[in-house]
Amino acid sequence: MPRSSARRELLVRGLLSLGVLAASAFILLTSQPRLGLDLRGGTQIVLQTPAEATSDNTDRAMEVLRRRIDELGVAEPVLARSGDHRIIVELPGVQDPAEAIDVLGRTAQLAVQPVTGPGDTPTGEAGDSVALGPIAMTGEGIKGAVASPNQQGAGWQVTVDFQGDAPSTWQKVTGEAACFAPGDPQRRVAFVLDGKVVSAPQVDPSVPCRTGMIGTSTQITGKFAKAEAEELALVIRSGALPVPVEVVEQRTVGPTLGAEAIEASSRAAVVGIALTGLFLIFVYRLAGLVAVLALVGYAGMSYAALLAVGATLTLPGLAGFVLAIGMAVDANVLVFERSREEYARRKRLPRSVDQGFKGAFSAVADSNVTTLLAAGLLFFLATGPVKGFGVTLSIGVLASLFSALVLTRVLLQLAMPLLERRPTWSGLHDLGRVRTWLTSRGIRLFQRPKRWLVTAAAVLLVALAGLFVRGLDLGVEFTGGRMIDYTASAVDAGEVRAELSAAGFADAVVATSGDTGVSVRTGPIDEAAAARVTEAVNKATGGAQQVSNELIGPSLGSELRRNAIIALAIAVAAQLAYLAVRFDWRLGLATVVALVTDVVVLVGAFAWLGKTADGVFLAALLTVIGYSVNDSVVVFDRVRELRKARRKDPYADVVGAAVLQTVPRTVNTGIGVLFVLAALLVLGDGSLADFATALLVGVVAGTVSTVLTAAPVAIALDGRAGGRR
1 MPRSSARREL LVRGLLSLGV LAASAFILLT SQPRLGLDLR GGTQIVLQTP AEATSDNTDR
61 AMEVLRRRID ELGVAEPVLA RSGDHRIIVE LPGVQDPAEA IDVLGRTAQL AVQPVTGPGD
121 TPTGEAGDSV ALGPIAMTGE GIKGAVASPN QQGAGWQVTV DFQGDAPSTW QKVTGEAACF
181 APGDPQRRVA FVLDGKVVSA PQVDPSVPCR TGMIGTSTQI TGKFAKAEAE ELALVIRSGA
241 LPVPVEVVEQ RTVGPTLGAE AIEASSRAAV VGIALTGLFL IFVYRLAGLV AVLALVGYAG
301 MSYAALLAVG ATLTLPGLAG FVLAIGMAVD ANVLVFERSR EEYARRKRLP RSVDQGFKGA
361 FSAVADSNVT TLLAAGLLFF LATGPVKGFG VTLSIGVLAS LFSALVLTRV LLQLAMPLLE
421 RRPTWSGLHD LGRVRTWLTS RGIRLFQRPK RWLVTAAAVL LVALAGLFVR GLDLGVEFTG
481 GRMIDYTASA VDAGEVRAEL SAAGFADAVV ATSGDTGVSV RTGPIDEAAA ARVTEAVNKA
541 TGGAQQVSNE LIGPSLGSEL RRNAIIALAI AVAAQLAYLA VRFDWRLGLA TVVALVTDVV
601 VLVGAFAWLG KTADGVFLAA LLTVIGYSVN DSVVVFDRVR ELRKARRKDP YADVVGAAVL
661 QTVPRTVNTG IGVLFVLAAL LVLGDGSLAD FATALLVGVV AGTVSTVLTA APVAIALDGR
721 AGGRR
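Per UniProt numbering, residue 1 is the first one in the sequence shown, and the count goes up by one each step.
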C-alpha cells in the first residue's frame, strides 16, 4: 500500500476514533445511570381487579400492564400476581410515579360510535353534548397509534392505524354519517375511551354518502396537549385491560441488594479486569498493552451507549457488562494470532500486522454478525428482560467490533515505528509456545472422530440425568412464591438478609420501605417455613409486626416465557441460515448441535449442583449461547480457509488442523474470561455466585464442545468414508 494512502487511512481511523471517544466521554460526564430495583429500589404499586374477575382476566391484565410499562420506557420492571385479584408492579427509577399510576390504571376501552344527535354525553368542547349510537368498532381493530402535532389547527392529534376488518367498518360508519348535511350532529363519529368522548369530529363535506372514508388510518383530534396525546397513543397501542383495576397501595421500596454486596461485586469486577489486562500484556507485550488501552475505550463506549439508550442497570447486568469486556478480548486475540502467523512468513512487522487484520476480519465479522443477528431478533421478538438482554448484547457487539478493528489498529499503527525497531517488544514476533509445541507434535486430532462423539454423548447423558434425577430448581421469577410484609421500629436490610440466610433462606429477596417497613420475597414455602422467616426477621429487627402474608405468581409470566422461547428459536434458526450461506450447511448444523449441547450441559450442571435457575440464570444462559456460537464460528472460519488450500487432504485432517491452529486464540480468550469469572465467584458477594458459576460452566462447555461436538459432527456430516468430500 502506498505510504500516502496508509497515512490517509490512519488519519481517517484516528479522527473517527477521537470522535467516538469524545462523544462517549460527553455522555459519561453529562448522564446519570438508571439503576434497577436491586441497586436503587423504586416504586411499588399494588393494583386490584374486581371481585368478579377471573384468574385468567388478571393474567391478561398483567400482560397489558407489561406492554404499557414498556411503552413508558421503564426497563427491568417486576410484575407478579398476588392471589386472583392483585397485581404487584415494581418500577425502578420512575421520574413521575403519579403519571405511571394514571397510565397503568386506565382501562383504555376504546370504541368508535356514530353520533345520533344532541344528547347528554359531553364531548370535551364547551357546551357540546351528543347522543351516541351502538358501538361500531372496538380497540381490537386498531394496530397502532402515534401522537403528532395537528397540522390544521392548534394542539396535538393521535393517528390510529387499523387492522383486520376495521378499515371496511370505518368506511361504512363514515359513509352512513356522510349522508347527513354538514353541521348536522349525525354527520359526526365519536371516539370513546372508557365511556368518555375524547373526540367527535365531523366527516369532511367532500366524503360522499355511502362511500365513506377509505384508508387504513385516521386521526383523533381534540386539541390535546402534547403529553395528553402521547399518553392517549400509549394506552391505545398497549391495548385495553380486560377488567378495570384500582390502585390500592403505592410505596417507595429500597434496593434489594445491600451496599456490601454492591461494593464486593465492584471490587471483584476491578480485580477481574485488571488480571485480564495483565495477562494480555504478559502474552502479547506491547501489543497486549495496546489491546488493554483499546478495551478501556471499549468499556467507555459501551457504558456510554447504555446510558444513551436509557438502559436500566442491574447488578447481573453490570456483571454481564464486565464479562463482555473480557469477551471483547477475543477480537484482539484473533488479530494478534493472525499477525504472528504472518510474521513467521514475512519477518516484517508492519506488513504482518496489516495482513493480520485482513486475515482475522472474516472470523471477527462472522462471529459478531451471528451474535448481532440473534441480539436483534431477541430485541424485536422478545419482551421483558430477554428484550433488554438483546439491547445490551447489540451494544457490546458493535462496540467490540469498533474497538478491535478501528481503535486497536490506530494505536498499533501509532506504535509501529517503535515496534518495527524492536519486534520482540511487540509480542508478535513468534507463534508462541503452545502453537509451536502443537505444530511440532504432528497431532491428528480427529483420526477417530466417533470417539469424540461418544465422549460428548456421555457428557450429555450425565447432564440429562441431572434433570431427571435431581430436577431443576426454578426460582421465584418462574414459579412464584410468597411475599411477607413487616413493620418494625427500625430496619437494617443487611441484618435481615444475614438472619434469613442463616435460617436457610439465602435466596430470599429483601427490600425496605421507608425506615420501618421491610418486605421478604421467597419461593414457594409452607406455613411452617413462613414462620421461620418471621422468626428470622424478628431476630434481625428486635421484634416486627407482620402486615401481610400473600402468595404471589411468577414475575416471568407464561406469555413472556413463550415469547422468549419463540424469539430464541427464531434467532438460532437465523444463525443456522447465515452459517449455511457463509460456510456450509454441515458447519452451520454442527454449530447448532454444539449450542444445544452447551445449553443442556449448563442446565444439567445446575440441576446436579442444586442451584436455583432464576432470572439471573436466564441472563447467563443467553450469554453462554452467544459464546458457544462465537467459538465454533472462529474454528469453522479456519476450516473454510484451510479447505481451499488442502482439497486433497482428508476432511478430518483439515478440521483437526483448524482446531489446533486456533488453540492459542481459544486458550488466551478463555483465560481472559475466566479471570473475570473467577474474581466474581471468589471475591464477589454471594448474590453473583450463581451467575458466575453458570457462566464458568457455560464458557468451559462452549470451548470444549467445539472439539467434542461441533468438529466431529461436521466430519460425520461430511458423508464420505475416510473424511473426504
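None of these hints come from the bench; they were simulated from the model.
In this text the structure is predicted, and so the values were computed from the model without any measurement.
Hints should not be assumed to be uniformly reliable.
Okay, the calculated beta carbon distance ranges per label pair [to be verified]:
{"no.": "1", "residue 1": "Arg210", "residue 2": "Thr138", "range": "43 to 53 Å"}
{"no.": "2", "residue 1": "Ser129", "residue 2": "Phe380", "range": "40 to 50 Å"}
{"no.": "3", "residue 1": "Ala645", "residue 2": "Arg348", "range": "16 to 26 Å"}
{"no.": "4", "residue 1": "Glu260", "residue 2": "Gln32", "range": "16 to 26 Å"}
{"no.": "5", "residue 1": "Leu414", "residue 2": "Ala25", "range": "30 to 40 Å"}
{"no.": "6", "residue 1": "Ser206", "residue 2": "Gly117", "range": "21 to 31 Å"}
{"no.": "7", "residue 1": "Ala225", "residue 2": "Arg267", "range": "14 to 24 Å"}
{"no.": "8", "residue 1": "Ala181", "residue 2": "Glu52", "range": "43 to 53 Å"}
Below 35 Å or equal to it, Euclidean Cα-Cα: the simulated DSBU-like pairs (lysine-lysine) are [said to hold, decoys possible]:
{"no.": "9", "residue 1": "Lys450", "residue 2": "Lys223"}
{"no.": "10", "residue 1": "Lys196", "residue 2": "Lys172"}
{"no.": "11", "residue 1": "Lys226", "residue 2": "Lys143"}
{"no.": "12", "residue 1": "Lys648", "residue 2": "Lys539"}
{"no.": "13", "residue 1": "Lys648", "residue 2": "Lys358"}
{"no.": "14", "residue 1": "Lys387", "residue 2": "Lys450"}
{"no.": "15", "residue 1": "Lys226", "residue 2": "Lys450"}
Glycine residues also receive a C-beta, built at the ideal position from the N, C-alpha and C atoms.
Verification of the hints:
1. Between Arg210 and Thr138, the C-beta spacing of about 23 Å breaks the proposed range 43 to 53 Å.
2. With their beta carbons about 45 Å apart, Ser129 and Phe380 fall inside the hinted range of 40 to 50 Å.
3. Evaluation of the 16 to 26 Å hint for Ala645 and Arg348 yields a pass: the beta carbon distance comes to about 22 Å.
4. The given range of 16 to 26 Å is respected by Glu260 and Gln32, whose C-beta atoms sit roughly 23 Å from each other.
5. At roughly 20 Å, the beta-carbon separation of Leu414 and Ala25 lies outside the given 30 to 40 Å, and the hint is violated.
6. Distance hint for Ser206 and Gly117: a CB-CB separation of about 23 Å, consistent with the stated range 21 to 31 Å.
7. Between Ala225 and Arg267 the C-beta distance comes to about 49 Å, which lies outside the given range of 14 to 24 Å.
8. Roughly 45 Å separates the CB atoms of Ala181 and Glu52, a value that falls within the hinted 43 to 53 Å.
9. At roughly 73 Å between alpha-carbon atoms, Lys450 and Lys223 are farther apart than 35 Å, so this suggested pair is violated.
10. Of the pairs offered as hints, the one joining Lys196 and Lys172 holds, with about 23 Å between alpha carbons and a cut-off of 35 Å not exceeded.
11. In summary, the hint linking Lys226 to Lys143 is supported, as the alpha carbons are separated by about 21 Å, within the 35 Å threshold.
12. For the hint pairing Lys648 with Lys539, the CA-to-CA distance comes to about 75 Å; that exceeds 35 Å, so the pair is violated.
13. Under the criterion of a C-alpha separation no larger than 35 Å, the hint pairing Lys648 with Lys358 is consistent with the structure, at around 26 Å.
14. The suggested pairing of Lys387 with Lys450 is violated, with an alpha-carbon distance near 39 Å, which exceeds 35 Å.
15. Between Lys226 and Lys450, the direct Cα distance comes to roughly 67 Å. Violation of the 35 Å bound is thereby established for this hinted pair.
This entry does not satisfy hints 1, 5, 7, 9, 12, 14 and 15, going by the numbered hints stated previously.
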